[in-house]
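Enquirer: Can you build the whole structure from these sequences, using the hints too?
Below, each chain spelled out in residue letters.
Protein chains: 2
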Amino acid sequence: MLNFDFYSPARIVFGRGTEKEIGALLKPHASKVLLHYGGGSIKKSGLYDTVTASLKKAGIAFTELGGVQPNPRLTLVHEGIALCKREGVELILAVGGGSVIDSAKAIAMGVYYDGDIWDIYESGDSVSRALPVATVLTIPAAGSEASGDTVISNEAEELKYGYSSAHLRPLLSVMNPELFFTLPKEQLGYGVADIMSHVFERYFTNTTHTDLTDGLCETVLKTVIKNAPLALANMSDYDAWSEIGFAGMVAHNGLVGMGRDEDWACHMMEHELSAIYDIAHGAGLAVLTPAWMKYVYRDNISMFVQFAVNVMGVKGSYREPEAIILEGIERLSAFFRSLGLPSTLAELGIDDSKLELMAKKATNIHFGEESPIGGLKKLFWQDALAIYRLAR
Amino acid sequence: MLNFDFYSPARIVFGRGTEKEIGALLKPHASKVLLHYGGGSIKKSGLYDTVTASLKKAGIAFTELGGVQPNPRLTLVHEGIALCKREGVELILAVGGGSVIDSAKAIAMGVYYDGDIWDIYESGDSVSRALPVATVLTIPAAGSEASGDTVISNEAEELKYGYSSAHLRPLLSVMNPELFFTLPKEQLGYGVADIMSHVFERYFTNTTHTDLTDGLCETVLKTVIKNAPLALANMSDYDAWSEIGFAGMVAHNGLVGMGRDEDWACHMMEHELSAIYDIAHGAGLAVLTPAWMKYVYRDNISMFVQFAVNVMGVKGSYREPEAIILEGIERLSAFFRSLGLPSTLAELGIDDSKLELMAKKATNIHFGEESPIGGLKKLFWQDALAIYRLAR
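In the order they appear, the protein sequences are chains Z and L.
Residue numbering for the first sequence follows this note's numbering, starting at 1 and increasing by one per position.
Residue numbering for the second sequence follows this note's numbering, starting at 1 and increasing by one per position.
Check the hints yourself; a few may be wrong.
Derived lysine-lysine pairs resembling PhoX-like cross-links, with alpha carbons at most 25 Å apart [what the hints assert, rightly or not]:
id	chain 1	residue 1	chain 2	residue 2
1	Z	Lys315	L	Lys315
2	Z	Lys226	L	Lys315
3	L	Lys378	L	Lys354
4	Z	Lys315	L	Lys85
Each pair of labels, with its calculated beta carbon distance range [what the hints assert, rightly or not]:
id	chain 1	residue 1	chain 2	residue 2	range
5	Z	Glu369	L	Glu178	46 to 52 Å
6	L	Lys43	Z	Ser317	38 to 44 Å
7	Z	Lys44	L	Leu2	25 to 31 Å
8	L	Lys185	Z	Lys226	54 to 60 Å
9	L	Leu2	Z	Ser338	25 to 31 Å
10	Z	Ala334	L	Gly313	54 to 60 Å
11	L	Glu178	Z	Lys57	51 to 57 Å
12	L	Arg16	Z	Asn300	41 to 47 Å
13	Z	Ser317	L	Ile276	54 to 60 Å
14	Z	Phe367	L	Lys315	53 to 59 Å
15	Z	Asp299	L	Gly313	28 to 34 Å
Calculated from the structure, these hints are not laboratory results.
Where is the CB? At the ideal position from N, CA and C, for every residue including glycine.
Expert: Rendered as structure tokens:
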């Protein structure tokens, strides 16, 4: 186990009816908020009315900015920053999924940053403050409701970069699984792939003596694998959505990766896909993850045997570890397919024309000095290219 | 799963050498602290010198109060409150185990409370503020380094009461498993019994649809069961102590009980034992827990089968669930014995003379109206008495 620093102060208010409490929950923290949301589904569902009524009841003034798209755009972030400055906003309330929350975080730090906030995503320089962010979660997937992470797309330059800061941890997040009932079925698959990937990026490691976090990771994965089919079969299954939603938070609040070298190669490679092709992050992860596994497993046979046995339930002879591993990967692929997720880049409409470009962007050699990605196995641009090709 | 509100903001700085950073970590938060500790083992071990050097280097002034005893006493708490008020202390740094931290929390809220702080333990009334508390943990057991809980003994009245408040969550806790190497071997057993009990009190529930937290609980338990014998065999096993220390924090920071009805009967009954007989909390729990299990398991056969199979590794016919359960309880008892823990009240020097008194105190009927304890099975005073008798 490695030394670690765990700090995850986001308060999670979970369960039926909790979105009605948002005004009372925010009252001690702000008198004027920016209500930030996506394409308007919250108006159709009635959630917009519930949230604004709760704010009004608590005497909290609000201004609003809708229109966040999946793979949230820098342009709208710029608009939000100007709006917050103009209106004297004290807190940003993101009502939506990971894209809305990530956009809110970008705005939150942009309010206190003198230059273009994209500089921070590009440089990775630290910020010293941000407006507080709160969330009403409508899609369990990104884990952004408890994390200090944000990912923004610079659509003009076809770039998608992540950024992390303790200042970006939401103050509080409200999670009512009933809000997930009306999601399109494909969102369930995307969300599950993202949640599982957040665990995989931490689980697959060369760090040893990690009994506790191994078990925590496996628990989150098994919980999602058990409950996703139940939610798919009945999109109003409160219990199944509760497990998926709670698991999504635990997958990404930092705990399950503490003391471990983390990986993150799949996320880096997926960001290149969605930056250029504007696909769903979860769909890209579902395609890339099994390919990545097939490419890297020989570097840590024991780790992948443990995954196949403990998570995917493979039984077999330990004297044939590769057979166990390949069966585990196949079961994962089959699980993703059962949720309607794609298995190949071709299914995503992605041809070979930009694989090399993406491999070189992911490893930075496209921009300058090569910076290999991944923790379990260091991947150079040729490795990334090989994985993209395996995923065709 | 039930609705829940999860808030666990304590920052955990974990690993080798981290105690040397305490001054730098506290510098943004306080310029004058109370250094609170126990019977002086930190002076023998050199930890006192390390911590005070770190405070001095950071320019943090300190006053000190040692002498915290196991089952920390109200008298010393009163002394600490007066000292903090007199000296203008801004933060309390607890260097020790759960007793020192619990004492620090009592002082922290006592500084802002006008009456006798014992009133708060007795009434359960909420407090509106407390001094911040930080910790350097020397015994993994109580989980007080991340929890909002404190337990204090009123030695004059032979009472031991707990109290909880979000204001009592430590600001930050430093945990270097190397500091556990010099613990007496019996402390390992006491700590493990306490950690496991913190999970049991949350794990054993009638709440259904708790896949995620079931698995988190089982992971913490299995991690401790695997690593405690390794630490016992080699008290300088850093990896084993790391797992136990991390598990002790996760066991009691609140996460593994979220969305579940909790139990806490064993803790309530144990507090009566240590209030009168001043025994180690972990020793009392090791004696009472198997007795409690034998008394209550018929009320939730499935829950106890899951425990026996998933945690204790029992294999057997599911058509004979009671045999599986009893084997699971026996394995737990054997595990406790293997760590040198007692199995009976007699081994603790406790005879029958006060069993009825303790049963009546635990359920409050001794003081007035009966208030049954426990979540999985409601226990009245006769039930508590029966469990004490089973533990003889």
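Enquirer: Compare the structure with each hint and give your call.
Expert: Outcome of the hint check:
1. Using a Cα cut-off of 25 Å, the hinted pair Lys315/Z and Lys315/L holds, with the two alpha carbons roughly 17 Å apart.
2. With a CA separation close to 23 Å, the supplied pair Lys226/Z and Lys315/L stays within the 25 Å bound.
3. For the hint pairing Lys378/L with Lys354/L, the CA-to-CA distance comes to about 22 Å; that is within 25 Å, so the pair holds.
4. A distance of roughly 64 Å separates the Cα atoms of Lys315/Z and Lys85/L; the hinted pair therefore is violated under the 25 Å criterion.
5. About 38 Å separates the C-beta atoms of Glu369/Z and Glu178/L, a value inconsistent with the hinted range of 46 to 52 Å.
6. The supplied range of 38 to 44 Å is broken by Lys43/L and Ser317/Z, whose beta-carbon atoms lie about 57 Å from each other.
7. In this structure the supplied range 25 to 31 Å holds for Lys44/Z paired with Leu2/L, their Cβ-Cβ distance being about 29 Å.
8. The beta-carbon spacing between Lys185/L and Lys226/Z, approximately 40 Å, falls outside the hinted interval of 54 to 60 Å.
9. Look at Leu2/L against Ser338/Z: about 30 Å separates their beta carbons, and that is inside 25 to 31 Å.
10. As the Cβ distance of Ala334/Z to Gly313/L is approximately 29 Å, the hint placing it in 54 to 60 Å is violated.
11. Checked against the given bound of 51 to 57 Å, the beta carbons of Glu178/L and Lys57/Z, roughly 53 Å apart, stay inside it.
12. A C-beta distance of roughly 24 Å is found between Arg16/L and Asn300/Z, which places it outside the suggested range of 41 to 47 Å.
13. Taking the beta carbon of each, Ser317/Z and Ile276/L are about 57 Å apart, inside 54 to 60 Å as hinted.
14. Between Phe367/Z and Lys315/L, the C-beta spacing of about 57 Å keeps the proposed range 53 to 59 Å intact.
15. A C-beta distance of roughly 31 Å is found between Asp299/Z and Gly313/L, which places it inside the suggested range of 28 to 34 Å.
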